[in-house]
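**Q** Modelling step: build the complete structure from the supplied sequences, incorporating the hints.
Residue-level listing of the chains:
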Amino acid sequence: MNQEATDINDMQLLRFTTAGSVDDGKSTLIGRLLYDSRSIFEDQYESIKKATQKKGEAGVNLALLTDGLKAEREQGITIDVAYRYFATPQRKFIIADTPGHIQYTRNMVTGASGANLAIVLVDARNGILEQTKRHTFIASLLKIPHLILCINKMDLVDYSEKIYNQIKKDFCNFSAKLEINDIQYIPISALHGDNVVKPSTNMNWYKGASLLYCLENIHISSDFNLIDCRFPVQYVIRPNNDKYHDFRAYAGRITAGVFKPGDKVMVLPSKLTTTIKSIEIADKTISEAFPPMSVTMLLNDNIDIGRGDMIVRENNCPTISQNIEVMVCWFNENPLQENGRYIIKHTTKEVKVVVKEIRYKIDINTLHRNEKDKNIKINEFARIHIRTAKPLFFDKYKLNRSTGSIIFIDEKTNETVGAGMIL
Amino acid sequence: MNSYHFSHLEELESESIFIIREATALFENPVLMFSGGKDSLVMLHLAMKAFYPARLPFPILHIDTGHNFIETLNFRDKLVAQYHLNLIVASVQESIDKGRVKEEKGVYASRNYLQTVTLLDAIEKYKFDAAFGGARRDEEKARAKERFFSHRDEFGQWDPKNQRPELWQLFNNKKNIGEHFRVFPLSNWTELDIWHYIHSKNIDIPCLYFSHKRECFERDGVLLAKSDFVTLKPDEKSEIMQVRFRTIGDMSCTGATLSEAKTTEEIIMEIAAMRIAERGGRFDDKRSDTAMEDRKKEGYF
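Protein chains in written order, with numbering that gives the first Met the number 0: chain Z, 0 to 422; chain L, 0 to 300.
By construction, these hints were calculated from the structure, which means they are not laboratory data.
Please read all numbers here as calculations on a predicted model, not as lab measurements.
Check before you lean on any hint, since a few could be wrong.
Unchecked claim - Pulled a few chain Z residues facing chain L out of the computed Cβ check, cut under 8 Å:
1) I7
2) N8
3) D9
4) Q11
5) G113
6) S293
Unchecked claim - BS3-like mimics (lysine-lysine), calculated; alpha carbons at most 25 Å apart, straight line:
7) Z:K389 - L:K174
8) L:K160 - Z:K54
9) Z:K276 - L:K48
10) Z:K351 - L:K174
Virtual Cβ for every residue (Gly too), placed ideally from N, Cα, C.
**A** So this is what it looks like as structure tokens:
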């Protein structure tokens with residue numbers, strides 16, 4: 000919390016996710032990051048100390064910090080995604096802390112959907128386990144740009160370089176098949192603090208940086224797609240008063256690309272073209288807009304544009320289609336229905352869809368495709384083909400997480416029943 | 000660092016504006032819950048930014064407990080006049096007079112719990128289908144589980160164990176008639192982010208947040224302002240102290256902190272060095288370990 004040392008306008012935001020099970024030291028690691036960066040307040044610390052004693056446990060159970068709901072504290076498990084916040088002079092961090100067991104896959108997917116970085120923890124004594132692979136698969140399916148493999152509990156293997164190298168090699172072999180661009184390996188002891196905030200003196204053979212240093216310095220400015228200009232229109236601003244009589248501006252968030260005044264743009268679905276008159280943030284005019292800015296855009300021609308439309312560059316158009324291939328993670332107790340009808344949300348659009356075909360189920364532990372099993376239950380992944388009632392303007396999820404993502408809603412229950420990534 | 004650098008405050012601002020616009024587009028009749036506290040002031044600032052140069056496309060709702068600091072009410076009225084806001088006041092006193100709620104008795108009496116009924120009555124009366132709130136996830140452990148779009152059933156209740164997952168920037172606004180949503184655009188802000196933002200945007204806030212002289216007394220380790228709304232126990236002695244408030248709620252339950260901080264800059268320094276959580280001075284949270292979760296389930300802010 001001592002962030003006054005540097006200029007506040009230089010601080011960036013990094014969102015990361017942690018997945019783990021009861022015993023792999025995840026809570027200890029988060030507790031250590033929060034505690035060592037002085038982000039836990041004294042009264043919070045005292046309160047969890049009391050709660051730990053009440054449960055008849057020794058010491059201070061840092062997991063109680065993240066487990067906020069009564070049921071979670073009683074059962075001693077993280078049910079939901081818990082968000083934690085801490086800051087150093089370099090960056091502000093948002094941790095989406097999720098449970099690691101297979102029955103909480105949907106929570107991991109939720110936490111991963113907004114993350115720049117994933118921390119995957121392995122116990123140095125056990126090496127790469129099924130759950131390590133599952134967490135890594137989820138990170139790769141959700142296209143988290145950076146992954147840090149923390150090899151934890153190094154203190155229990157005598158800080159052995161050999162064991163670290165073996166686990167690193169195993170993970171390299173396994174992850175080569177996945178699409179993860181940036182992987183780093185850090186040997187740590189969350190319990191003793193080795194390589195968490197400060198470099199360890201117990202592992203002089205390790206020449207890399209500590210975990211916190213990586214989190215503070217990993218390059219995230221280029222995580223956004225700055226090439227394919229996409230501006231989904233969210234809201235039309237029309238003041239309707241004398242001062243701004245003909246004022247008409249399109250509000251929304253830049254999801255990809257860089258827009259500048261004077262740029263020739265095309266509006267979807269009408270495909271009419273015009274040029275950008277100006278781009279504003281409230282009363283300030285800006286010279287260029289890039290993700291993830293929320294802006295208002297004024298155009299030079301009077302074109303009929305509304306919510307759900309998209310402003311793009313004429314020579315760089317997203318795919319426009321009603322037939323879409325999707326990798327879906329199912330979230331609901333009611334299985335995914337072939338020929339089932341759902342509502343989907345995509346950018347600022349809402350349309351009805353029918354699931355034309357379930358192509359195959361994916362075993363989340365092995366990535367094995369099963370074309371015979373079409374019973375897609377809660378927490379399972381499948382590739383499906385959907386047909387939408389109206390065309391969507393979309394990109395592949397791997398090119399743009401924003402124009403490539405959809406959620407499925409069950410009209411009968413209003414529940415969010417699935418998350419889809421466009422292939 | 001390349002030219003497409005975006006600071007964390009800019010990113011938080013952009014995210015909040017996106018949420019406010021999204022909810023305004025998706026709901027028919029939203030309202031902004033306004034307390035006069037710093038979080039609701041930042042939320043109001045962002046909402047006005049989101050629709051500039053148009054006026055705010057929804058009213059603001061103040062739940063008046065009758066136990067407010069007079070400074071908060073004066074500040075509210077000044078703001079309403081300055082920005083031509085449409086203010087709706089729902090009064091807890093009226094709920095008491097109508098027999099909808101019963102006033103608590105004893106030295107720990109507070110109208111904090113009663114507000115929920117007044118709020119839900121107002122939502123029903125004006126047929127609001129979404130209410131913006133300034134709650135932040137870092138404030139309190141139950142609030143840490145809140146969604147941006149948080150569903151409330153027809154009784155205004157929150158079911159924390161059965162919440163809809165939120166992914167990417169896609170929000171499920173589906174509901175049945177009589178149900179509503181609470182929308183929390185500031186979910187990802189911390190107390191320090193709020194102060195940095197107030198400082199950098201020069202946002203006007205009530206004078207209660209700055210150091211001033213006030214007659215206070217200590218109760219269970221919390222400094223409370225002496226007022227007509229609290230009864231002193233025989234052993235409690237009040238004296239003039241140099242204090243400020245970290246949060247602004249009712250006079251009966253909001254604790255003051257000893258402070259010399261007279262500017263937003265000094266407040267930021269003070270908070271950065273502070274070792275007690277923001278709501279540590281709130282009696283309403285101290286009733287039990289799950290006081291916030293229990294109230295939220297009933298429909299509290």
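**Q** Now look at each hint and say whether the structure bears it out.
**A** For each hint, the structure was consulted:
1. Hint on I7 of chain Z holds. Least Cβ distance to chain L is approximately 5 Å, under the 8 Å limit.
2. At about 5 Å, the closest approach between the beta carbon of N8 of chain Z and any beta carbon in chain L falls short of 8 Å, and the interface hint on this residue holds.
3. At about 7 Å, the closest approach between the beta carbon of D9 of chain Z and any beta carbon in chain L falls short of 8 Å, and the interface hint on this residue holds.
4. Annotation: interface hint on Q11 of chain Z holds; nearest CB of chain L at approximately 6 Å, less than 8 Å.
5. With a least beta-carbon distance of about 7 Å to chain L, the hint placing G113 of chain Z at the interface is held under the 8 Å criterion.
6. Nearest Cβ of chain L to the Cβ of S293 of chain Z: about 4 Å, under the 8 Å cut. The hint holds.
7. For the given pair, K389 of chain Z sits about 23 Å from K174 of chain L by alpha-carbon distance, which is consistent with the 25 Å threshold.
8. Straight-line distance between C-alpha atoms of K160 of chain L and K54 of chain Z comes to about 22 Å, which keeps the hinted pair within the 25 Å bound.
9. For the proposed pair K276 of chain Z and K48 of chain L, the alpha carbon gap of about 20 Å is at most 25 Å, so the pair holds.
10. With a C-alpha separation of about 17 Å, the suggested pairing of K351 of chain Z with K174 of chain L holds against the 25 Å cut-off.
Violated hints: none; the structure is consistent with every hint.
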